[in-house]
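Peer 1: Sequence:
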Amino acid sequence: MINHSLRQTKKIIKIVSINLIFIVVILSLVEGLSSILLMFYRISKIQQNSAHLYAQYDELLGWVNIPNVNIPNMYGEGIYFRTNSQSFRNNEDFSINIPPNKVRIICSGDSFTMGLGVSNDQTWCQLLTSINQRLQTINMGQGGYGVDQVYLWYKRDGTKFDHNIQIFAFITDDFVRMQSAKFFGYGKPLLFLENGELVNHNFPVPRGAFLFPKIREGSRYIQELRFLGLWQTLFPRQLETDNQYVAQTPAIAMKIFEELAEINRDKNSTLVVIYLPIRSDYYGNESDFWRQYLQVELEKRNIIYLDLIAEFRKIIPNEKVETLFLEGDGHYSVSGNEFFANLLYEKLLSMPEVAVILQQ
Numbered sequence: 004m005i006n007h008s009l010r011q012t013k014k015i016i017k018i019v020s021i022n023l024i025f026i027v028v029i030l031s032l033v034e035g036l037s038s039i040l041l042m043f044y045r046i047s048k049i050q051q052n053s054a055h056l057y058a059q060y061d062e063l064l065g066w067v068n069i070p071n072v073n074i075p076n077m078y079g080e081g082i083y084f085r086t087n088s089q090s091f092r093n094n095e096d097f098s099i100n101i102p103p104n105k106v107r108i109i110c111s112g113d114s115f116t117m118g119l120g121v122s123n124d125q126t127w128c129q130l131l132t133s134i135n136q137r138l139q140t141i142n143m144g145q146g147g148y149g150v151d152q153v154y155l156w157y158k159r160d161g162t163k164f165d166h167n168i169q170i171f172a173f174i175t176d177d178f179v180r181m182q183s184a185k186f187f188g189y190g191k192p193l194l195f196l197e198n199g200e201l202v203n204h205n206f207p208v209p210r211g212a213f214l215f216p217k218i219r220e221g222s223r224y225i226q227e228l229r230f231l232g233l234w235q236t237l238f239p240r241q242l243e244t245d246n247q248y249v250a251q252t253p254a255i256a257m258k259i260f261e262e263l264a265e266i267n268r269d270k271n272s273t274l275v276v277i278y279l280p281i282r283s284d285y286y287g288n289e290s291d292f293w294r295q296y297l298q299v300e301l302e303k304r305n306i307i308y309l310d311l312i313a314e315f316r317k318i319i320p321n322e323k324v325e326t327l328f329l330e331g332d333g334h335y336s337v338s339g340n341e342f343f344a345n346l347l348y349e350k351l352l353s354m355p356e357v358a359v360i361l362q363q
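Residues in the sequence shown are numbered from 4 upward in steps of one, following the numbering used here.
Keep in mind that a hint or two might mislead.
As the list claims (entries may be wrong) - Straight-line distance between alpha carbons at most 27 Å, and here's what the computed DSS-like set of lysine-lysine pairs gives:
1. Lys323 - Lys350
2. Lys317 - Lys258
3. Lys350 - Lys105
4. Lys270 - Lys317
5. Lys105 - Lys270
6. Lys105 - Lys185
7. Lys158 - Lys317
8. Lys270 - Lys163
9. Lys105 - Lys163
10. Lys158 - Lys350
11. Lys303 - Lys158
12. Lys323 - Lys258
13. Lys270 - Lys303
14. Lys270 - Lys185
15. Lys258 - Lys163
16. Lys258 - Lys270
17. Lys258 - Lys158
18. Lys158 - Lys185
19. Lys158 - Lys105
20. Lys323 - Lys270
As the list claims (entries may be wrong) - Pairwise CB distance ranges, derived in the manner of DEER restraints:
21. Asp96 - Asn203: 27 to 37 Å
22. Glu265 - Ser338: 29 to 39 Å
23. Ile82 - Leu196: 37 to 47 Å
24. Val179 - Glu62: 16 to 26 Å
Hints were generated in silico from the structure; no laboratory data involved.
Only a predicted model underlies this, so the values are computations on that prediction, with no experimental measurement involved.
We put the CB at the ideal spot given by N, CA and C, even for glycine.
Please model the complete structure; the sequences and the hints are all you need to start from.
Peer 2: Structure (structure tokens):
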């Protein structure tokens, strides 16, 4: 009798256990499926980055301007974005040769040079032509570029054009961008020094982010999936960028500037390296390493270097700082572009080897 009762009890416990396991499995599947459905719903609602309106995949650079784009209200009512047939942010195409009685400047840089947030004719690069009407400026700024991409774009496309001056402008983040093969999920080149020469370790750049842009922009939702979190806990991945790229960044940057100086000499042009300020440079010292390093190393190589951060701090009172920057991403406002165009031109005139070109 007792044995029969024990058998019955064990049977009941077994049935209850199986049912509990079944319920847990069903709930887990429902929770997992719900998470996946929620992920796809969130991804479907994502608004694509506005850059997709004017940028396209490029196997060398990662991305580059689409030629002949004209977006009347790109950054707001009447704030337009336009590219010419040569993919530059200009309203006109350029001949290979410099027009008579003109001084041509190529402005190379990132989104602060491109002029994110303002119209074509309000970028500091274009405003130089209103300060000196003999100037003709080619805007080779591109959003999200690191120093490596700025260099590679100029070397491939900018060198086709005769010019008198190349302004190579950057912010501190542009050096950090050099250390990775991705920028916000988009592939990009990754330069390295081998036997004293620059080598691209990420060519051709993978196209994936341009094929599935919503998946790329929704990656943060994919990362929230529980099973993916468990997998990454059990099998942590290595850092995306090897420390060797980080350690080599200063040497790679200096090699880039050396090559740019040589290219400009061969083209009878003058290279001017410009450190552009961002809002945080007014208050902080994050840029100090690069400012000091470039000051010493570029002077050794007789490369013209203008650090606008010190002048920015000196001239602009604290209560006026915010007027130079747009809210949100902190790019230059219309007033900011005007200020830095005037400051840059004034500094260029103060350098005899550049002034003689501007006033020829």
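Peer 1: For every hint, state whether the structure bears it out.
Peer 2: Structure-based check of all given hints:
1. Lys323 - Lys350: Given that 27 Å is the threshold and the Cα spacing comes to 21 Å, the pair holds.
2. Lys317 - Lys258: Answer violated: lysine 317 to lysine 258 is near 31 Å, above 27 Å.
3. Lys350 - Lys105: 20 Å, holds
4. Lys270 - Lys317: The hint is violated at about 36 Å.
5. Lys105 - Lys270: 16 Å, holds
6. Lys105 - Lys185: Status violated; Cα separation ~39 Å.
7. Lys158 - Lys317: Roughly 35 Å between the alpha carbons, so the hint for lysine 158 and lysine 317 is violated.
8. Lys270 - Lys163: 10 Å, holds
9. Lys105 - Lys163: 17 Å, holds
10. Lys158 - Lys350: 26 Å, holds
11. Lys303 - Lys158: With a Cα-Cα distance of about 23 Å, the restraint between lysine 303 and lysine 158 holds, given a limit of 27 Å.
12. Lys323 - Lys258: At roughly 37 Å apart (the allowed maximum being 27 Å), lysine 258 and lysine 323 break the hint.
13. Lys270 - Lys303: Cα-Cα ~22 Å, so holds.
14. Lys270 - Lys185: Roughly 32 Å between the alpha carbons, so the hint for lysine 270 and lysine 185 is violated.
15. Lys258 - Lys163: Holds, at roughly 21 Å.
16. Lys258 - Lys270: Holds. Lysine 258 to lysine 270 sits at ~19 Å (cutoff 27 Å).
17. Lys258 - Lys158: 14 Å, holds
18. Lys158 - Lys185: Holds, at roughly 21 Å.
19. Lys158 - Lys105: 23 Å, holds
20. Lys323 - Lys270: 41 Å, violated
21. Asp96 - Asn203: 27 to 37 Å: Between aspartate 96 and asparagine 203, where Cβ atoms are some 29 Å apart, the hint holds.
22. Glu265 - Ser338: 29 to 39 Å: Holds: the Cβ-Cβ distance is about 37 Å, inside 29 to 39 Å.
23. Ile82 - Leu196: 37 to 47 Å: Given a distance of about 41 Å, which is inside 37 to 47 Å, the answer is holds.
24. Val179 - Glu62: 16 to 26 Å: 23 Å, holds
Comparing the model with each earlier hint shows violations of hints 2, 4, 6, 7, 12, 14, 20; every other hint is respected.
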